[in-house]
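*Asks:* Can you make the complete structure from the sequences, with help from the hints?
There are 2 protein chains.
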Amino acid sequence: MKTAYFYHAGCPVCVSAEQQFLSALNPAEYEVKVVHLGDSPELIAEAEKSGVISVPALVIEGNVFHINFGASIEDVKAA
Amino acid sequence: MKTAYFYHAGCPVCVSAEQQFLSALNPAEYEVKVVHLGDSPELIAEAEKSGVISVPALVIEGNVFHINFGASIEDVKAA
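Chains A and B are the protein sequences, given in the same order.
Just so we're aligned, residue 1 is where the first sequence starts under our numbering, counting upward by one.
Just so we're aligned, residue 80 is where the second sequence starts under our numbering, counting upward by one.
Fair warning: there could be bad hints in the mix.
Listed next, the in silico DSS-like pairs over lysine-lysine satisfying Cα-Cα at most 30 Å (straight line) [stated by the list, open to error]: (1) B:K81 to B:K128; (2) A:K33 to B:K112; (3) B:K81 to B:K156; (4) B:K81 to A:K2; (5) B:K81 to A:K33; (6) A:K2 to A:K33; (7) B:K112 to A:K2; (8) B:K112 to B:K156.
If you only want the chain A side, here are some residues facing chain B, beta carbon under 8 Å, derived [what the hints assert, rightly or not]: (9) A24; (10) N26; (11) N68; (12) S72.
Just so you know, these hints were derived from the structure itself, not from any lab.
Quick caveat: nothing in here was measured; it's all calculated off a predicted structure.
C-beta: ideal position from N, C-alpha, C; glycine also.
*Replies:* Right under this line is the structure:
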């Protein structure tokens with residue numbers, strides 16, 4: 001089982017992507033960890049280290065997929 | 080079985096997203112149709128109608144997910 005990290009910040013674009021998109025992932029292969037960076041600002045550094053520059057973003061095995069655009073990491077930091 | 084459309088234009092960002100990302104989708108639920116808009120420009124109008132404004136993009140049940148950024152539809156038209 002691989003872990004997919006879904007970083008978001010509670011914005012409407014993020015929530016929409018989360019519900020519609022995560023359900024399309026293969027449940028036999030991926031465990032999805034949803035990380036709300038607004039609620040867990042201590043995880044912002046980890047997200048940035050993974051290459052996340054905006055949310056929502058999905059990180060799978062070191063690869064970052066920025067899905068649509070909700071907010072930049074800088075905006076999340078400032079919130 | 081639902082159909083997921085992956086629109087791309089052969090750019091490096093598109094190819095990378097295609098290989099890494101499509102393999103994460105649930106094969107029990109989605110059949111993926113890969114559409115190369117550079118090779119099939121007659122399908123650009125269909126992509127735009129679905130709401131695609133840049134590639135690579137994934138369209139699932141009427142919802143558009145722009146994944147990272149390879150090129151705008153306008154750039155694809157001009158190519």
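*Asks:* Quick one: which hint numbers does this structure break? Sort them smallest to largest.
*Replies:* Going through the list in order, the structure violates hint 12 alone and respects the others.
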